[in-house]
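Colleague: Spelled out from the first residue to the last, the chains are:
Number of protein chains: 2
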Amino acid sequence: MKNGEKKVVIVGASAAGLRCAARLVRLNPSFRVTVVEKSDVYSYAACGLPYVLSGDIEDILMLRKSKDGMLRDSGYFSSVKGVEVLAGWNATRIDKQKKQLHIQQQTDLRTLDYDGLVLATGARAKRLPGLPVHPRVRTFHTYEDVRPLTEDLAHGRIKSVAVIGAGLVGLELTEAFTAMWGAEVTLLEAGSHPLPFSVDCEVGGLVGKVLADQGVACVFDCRVERLEAHDGGVRIGLPTGTIEVDAVIAALGVSANVDLAAEAGIRLGRSGAVAVDSDFRTSENDIWACGDCIEQVHALRKDPVCMPLGSLANRQGRTLANLLSGRKDRFPPIVGATAVKIFDWNLATVGINRQAAEQEGLQTRSAWVSMQDTADYWPEVKNIFIQMLYSPESERVLGVQAVGEGEVVKRIDVAAQLLANQAVLEDFAHIEHAYAPPYAPALEPLAVAAMAALNQQDGVEGLSPLCDLQAYDLLDVRHASEVESMPVGSQAPPLHVPQHEIKNRIAEIENAHSSNDRTKPWMVLCARGARSAEVARGLVGRGLEACYLGGGLIWRRLASKESGEDS
Amino acid sequence: MKNGEKKVVIVGASAAGLRCAARLVRLNPSFRVTVVEKSDVYSYAACGLPYVLSGDIEDILMLRKSKDGMLRDSGYFSSVKGVEVLAGWNATRIDKQKKQLHIQQQTDLRTLDYDGLVLATGARAKRLPGLPVHPRVRTFHTYEDVRPLTEDLAHGRIKSVAVIGAGLVGLELTEAFTAMWGAEVTLLEAGSHPLPFSVDCEVGGLVGKVLADQGVACVFDCRVERLEAHDGGVRIGLPTGTIEVDAVIAALGVSANVDLAAEAGIRLGRSGAVAVDSDFRTSENDIWACGDCIEQVHALRKDPVCMPLGSLANRQGRTLANLLSGRKDRFPPIVGATAVKIFDWNLATVGINRQAAEQEGLQTRSAWVSMQDTADYWPEVKNIFIQMLYSPESERVLGVQAVGEGEVVKRIDVAAQLLANQAVLEDFAHIEHAYAPPYAPALEPLAVAAMAALNQQDGVEGLSPLCDLQAYDLLDVRHASEVESMPVGSQAPPLHVPQHEIKNRIAEIENAHSSNDRTKPWMVLCARGARSAEVARGLVGRGLEACYLGGGLIWRRLASKESGEDS
Numbered sequence: 001m002k003n004g005e006k007k008v009v010i011v012g013a014s015a016a017g018l019r020c021a022a023r024l025v026r027l028n029p030s031f032r033v034t035v036v037e038k039s040d041v042y043s044y045a046a047c048g049l050p051y052v053l054s055g056d057i058e059d060i061l062m063l064r065k066s067k068d069g070m071l072r073d074s075g076y077f078s079s080v081k082g083v084e085v086l087a088g089w090n091a092t093r094i095d096k097q098k099k100q101l102h103i104q105q106q107t108d109l110r111t112l113d114y115d116g117l118v119l120a121t122g123a124r125a126k127r128l129p130g131l132p133v134h135p136r137v138r139t140f141h142t143y144e145d146v147r148p149l150t151e152d153l154a155h156g157r158i159k160s161v162a163v164i165g166a167g168l169v170g171l172e173l174t175e176a177f178t179a180m181w182g183a184e185v186t187l188l189e190a191g192s193h194p195l196p197f198s199v200d201c202e203v204g205g206l207v208g209k210v211l212a213d214q215g216v217a218c219v220f221d222c223r224v225e226r227l228e229a230h231d232g233g234v235r236i237g238l239p240t241g242t243i244e245v246d247a248v249i250a251a252l253g254v255s256a257n258v259d260l261a262a263e264a265g266i267r268l269g270r271s272g273a274v275a276v277d278s279d280f281r282t283s284e285n286d287i288w289a290c291g292d293c294i295e296q297v298h299a300l301r302k303d304p305v306c307m308p309l310g311s312l313a314n315r316q317g318r319t320l321a322n323l324l325s326g327r328k329d330r331f332p333p334i335v336g337a338t339a340v341k342i343f344d345w346n347l348a349t350v351g352i353n354r355q356a357a358e359q360e361g362l363q364t365r366s367a368w369v370s371m372q373d374t375a376d377y378w379p380e381v382k383n384i385f386i387q388m389l390y391s392p393e394s395e396r397v398l399g400v401q402a403v404g405e406g407e408v409v410k411r412i413d414v415a416a417q418l419l420a421n422q423a424v425l426e427d428f429a430h431i432e433h434a435y436a437p438p439y440a441p442a443l444e445p446l447a448v449a450a451m452a453a454l455n456q457q458d459g460v461e462g463l464s465p466l467c468d469l470q471a472y473d474l475l476d477v478r479h480a481s482e483v484e485s486m487p488v489g490s491q492a493p494p495l496h497v498p499q500h501e502i503k504n505r506i507a508e509i510e511n512a513h514s515s516n517d518r519t520k521p522w523m524v525l526c527a528r529g530a531r532s533a534e535v536a537r538g539l540v541g542r543g544l545e546a547c548y549l550g551g552g553l554i555w556r557r558l559a560s561k562e563s564g565e566d567s
Numbered sequence: 001m002k003n004g005e006k007k008v009v010i011v012g013a014s015a016a017g018l019r020c021a022a023r024l025v026r027l028n029p030s031f032r033v034t035v036v037e038k039s040d041v042y043s044y045a046a047c048g049l050p051y052v053l054s055g056d057i058e059d060i061l062m063l064r065k066s067k068d069g070m071l072r073d074s075g076y077f078s079s080v081k082g083v084e085v086l087a088g089w090n091a092t093r094i095d096k097q098k099k100q101l102h103i104q105q106q107t108d109l110r111t112l113d114y115d116g117l118v119l120a121t122g123a124r125a126k127r128l129p130g131l132p133v134h135p136r137v138r139t140f141h142t143y144e145d146v147r148p149l150t151e152d153l154a155h156g157r158i159k160s161v162a163v164i165g166a167g168l169v170g171l172e173l174t175e176a177f178t179a180m181w182g183a184e185v186t187l188l189e190a191g192s193h194p195l196p197f198s199v200d201c202e203v204g205g206l207v208g209k210v211l212a213d214q215g216v217a218c219v220f221d222c223r224v225e226r227l228e229a230h231d232g233g234v235r236i237g238l239p240t241g242t243i244e245v246d247a248v249i250a251a252l253g254v255s256a257n258v259d260l261a262a263e264a265g266i267r268l269g270r271s272g273a274v275a276v277d278s279d280f281r282t283s284e285n286d287i288w289a290c291g292d293c294i295e296q297v298h299a300l301r302k303d304p305v306c307m308p309l310g311s312l313a314n315r316q317g318r319t320l321a322n323l324l325s326g327r328k329d330r331f332p333p334i335v336g337a338t339a340v341k342i343f344d345w346n347l348a349t350v351g352i353n354r355q356a357a358e359q360e361g362l363q364t365r366s367a368w369v370s371m372q373d374t375a376d377y378w379p380e381v382k383n384i385f386i387q388m389l390y391s392p393e394s395e396r397v398l399g400v401q402a403v404g405e406g407e408v409v410k411r412i413d414v415a416a417q418l419l420a421n422q423a424v425l426e427d428f429a430h431i432e433h434a435y436a437p438p439y440a441p442a443l444e445p446l447a448v449a450a451m452a453a454l455n456q457q458d459g460v461e462g463l464s465p466l467c468d469l470q471a472y473d474l475l476d477v478r479h480a481s482e483v484e485s486m487p488v489g490s491q492a493p494p495l496h497v498p499q500h501e502i503k504n505r506i507a508e509i510e511n512a513h514s515s516n517d518r519t520k521p522w523m524v525l526c527a528r529g530a531r532s533a534e535v536a537r538g539l540v541g542r543g544l545e546a547c548y549l550g551g552g553l554i555w556r557r558l559a560s561k562e563s564g565e566d567s
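Taken in order, these protein sequences are the chains called Z and P.
Letter 251 of the first sequence, counting from 1, is numbered 251 in our numbering, and no numbers are missing.
Letter 142 of the second sequence, counting from 1, is numbered 142 in our numbering, and no numbers are missing.
If you are wondering where the hints come from, they were derived from the structure by calculation, not from laboratory data.
Any given hint could turn out to be false.
No copy is singled out in the list; a pair is fine if it fits within one copy or between any two copies.
Unchecked claim - BS3-like cross-link-like pairs, simulated, lysine-lysine; straight-line CA separation at most 27 angstroms:
| no. | residue 1 | residue 2 |
| --- | --- | --- |
| 1 | Lys98 | Lys38 |
| 2 | Lys126 | Lys38 |
| 3 | Lys99 | Lys6 |
| 4 | Lys126 | Lys96 |
| 5 | Lys503 | Lys561 |
| 6 | Lys159 | Lys209 |
| 7 | Lys38 | Lys382 |
| 8 | Lys382 | Lys67 |
| 9 | Lys67 | Lys503 |
| 10 | Lys520 | Lys6 |
| 11 | Lys503 | Lys65 |
| 12 | Lys520 | Lys561 |
| 13 | Lys561 | Lys209 |
| 14 | Lys98 | Lys503 |
| 15 | Lys126 | Lys6 |
| 16 | Lys65 | Lys382 |
| 17 | Lys67 | Lys209 |
| 18 | Lys7 | Lys503 |
| 19 | Lys302 | Lys7 |
| 20 | Lys6 | Lys503 |
| 21 | Lys159 | Lys382 |
Build out the structure end to end from the sequences listed, making use of the hints.
Modeller: The following block contains the structure:
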């Protein structure tokens, strides 16, 4: 499609479409590129919308401005980018034979000829089946969704709100309602923990604790049975009873906007999104697609996935422009890196979690480490928690989940590069990182997680921080002061031998275990899982059956649903 | 060397030696591992020492404590790690035939039999040749170096100090003297900018500005000709004259401690450090080496290098223990990731800089981008500056330098993984990152740097932020308000056409250039280098000779030695 005066029509003026359009024109000044957009407001940073609600961003217009302060409207795209944007026009039908796109604005009908058509129709918020259409029951996905919600909050019309869905946006909204507006939030999630599609229960448990500490009422494993909106509020029927709130936000994620594609007979993938090849071609000649409406190859899954992330959409738009201009480029398989701020905690993940691995038919094992994000003596040191999921057979790393008050996002960015390269545990153990005390410990926490996994492969098993302690005889190797400040609270009190006394008191441990007192395998406990792993290795070396609590008691305490659960 | 009761002797109780020792015992409980250490104080986090001086770390003992608060002394290593540390003993000679190490403590002489010997003798501070031995002229490398310096500062005996060497430690000390103690610091550096071995002048210029803003007197291209210490201070003779200070710190880096190895005839590499194979074997049977005293394979250099970094030393000790225990492991080539905090700025680098590339005989090209570390609308957004060095022929990325008030270290951690995989520009352009507005822009800045480089390969050249503007006719495409607040200050005033007016005023630009007014190639200018790159591409597309200022005027202004240099 390169060379000469070509007409390119792009449907959708969001990240993918506009970036593709602007670059196409830059690379091919002779091209005429028209973008058709159904909304009047477009080219805004949608990922920033929750932060308008939270007050972090004072003026929503900031989301529509270029770095040099210009409003990204049709004038901007025309004068600066050389792209014509037809805003407020709905693309209604593709005529593949005539290579025309039919568009409509109220009663106005037009057709646009194209040499190439790019679908960048994006995604739309999912709605609960049977969700009533009512101003008190909303979704939160577009620019237009922000103001009515903010006004209701500002005028005291919403003092309590139920957020349905503890995904990325659900969590961002929960924070905004709570921290900015002081609203009472009930978070309803069908899964057993927050972010069920990207993290496992151990990490989800930590997030649950953060939410609970902020006064958010979380209800997990929760099916909404009834939802009745009335002028005064919304009544929600749950299996456990009925709750009444001022408003409901359905934050159920998004689904690809494929109406136009489907109508044109363009092949959709199993995910329901538009299927494209590695060059973003659809099943139809001269029609390409990119952005949130397509599905892509995932490095860790058999089937392509629809992963509507702004970072991917931007890059896809650019790549497609390169390809349409005859430039060499290729979009590599994605690994699904995501990040979200949850109050003062940071969470990031990459790859797949246990549930997804199960769907892929993969055997998995996990390692958990409770680390610190800088040198431990650095005054601003903070805790971080990392779970690494891997294949015990190939030792390939399948996913990393990291959460904490400290810096976790950079670790996931690093992990993303390794996952994209099919890295195994040994690769992770040998991560080189830029070390200085304010930035990291001397051993990078990601590497430590891999080392814990490798030790596991070597017979030193670290169990889930949420495992059932009752199946074990417990050996607590912490200092007395630590035991006092954070008791284990197990039914049977652990045998307490601080690590530095183990060597001299090993007979006591061996005898305890051969006598009738203790008949179960040993589980060694410490604060973070480091000391206990060392001791467990020693016991295993002496022929005892032993494992340790992965991530240590710190993780367990924070992630357990009830803080006194073992007592 | 696995199995059975083996005697392993390790020389040097720092990161590499002790980590190796502890893991050896854990993996092989039957081994007897003895560590010989010449100092009484050891196993401290040496990278933290400058932060004791700066007051960030209140108690130097924190550097000697384990995470669970135990002092890492001989008792600790014996009881917790099962390792015997002979502290205060000097290893004087290796008897390779008898497989014995001779050690000495004052008049006490002993020999230790070994089945395996590990040299982890570390590095020592380099001294200027002819540096006088005098209490006012010091180095700063060991635990013992801290207290006398702090006391002199606390008692007002040091109010002015010359730091010789603007390397990592020199910069950390400069910050400590200035910010904590209010001392007048003169920083003397033989290179043309700070960190001459890891960054180029464009990034070095930014660091120089940070230092100057903090009142540090920086003297670059500076050879110390004379240094006379007397009771009242130190007189330093420079080519430009004599300065007088209360104390001198030589921060010239370190060199491998190889006395023991050299005496035993163990092969040293060209770098002067102990040569080892990929399994950390020295040239002699049953003798291994790891840590700061060895040289290692570098992914981007032909010859092995000595790179004494705590992060590498830790990992080497662990790897060697794995290998000595018959575990599969391999230490990959290093890419040399480093980080340093400089007042409120962060700096990190990986790979090689132009000077090193030249030594390797490599052709290079650079791309510069002035970016922001989060979404541009995020309230805490900060500037970051990235220089990417690559081979114009293979497009392999050779090095990345990043600096700014914002988050740069994570970008270098990410880059390190790619460099370790011989990544090319396209790989960098397709970095997947965990995106959310508080953590990153939608397009990862590292990817943007690679895109700038790829555009360069495509004919859109971005020149060094420090290039000579006089060779060009200047076209300023910023808004009028920007021009007003940051004038270019060039001899000939630039033609000013804001980017959004380019389309309508293109004839003006073309005519200006074909008339006699403007006869040089165009250089397009903007704040950060993004708009100017777009405009430059447009001009090139119209057959005009044009380039743009890489990194934009923001970078140039900050990195130029005199802020009004163009006027």
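Colleague: Which hints, by number, does the structure contradict?
Modeller: 4, 5, 7, 10, 14, 15, 19 and 21
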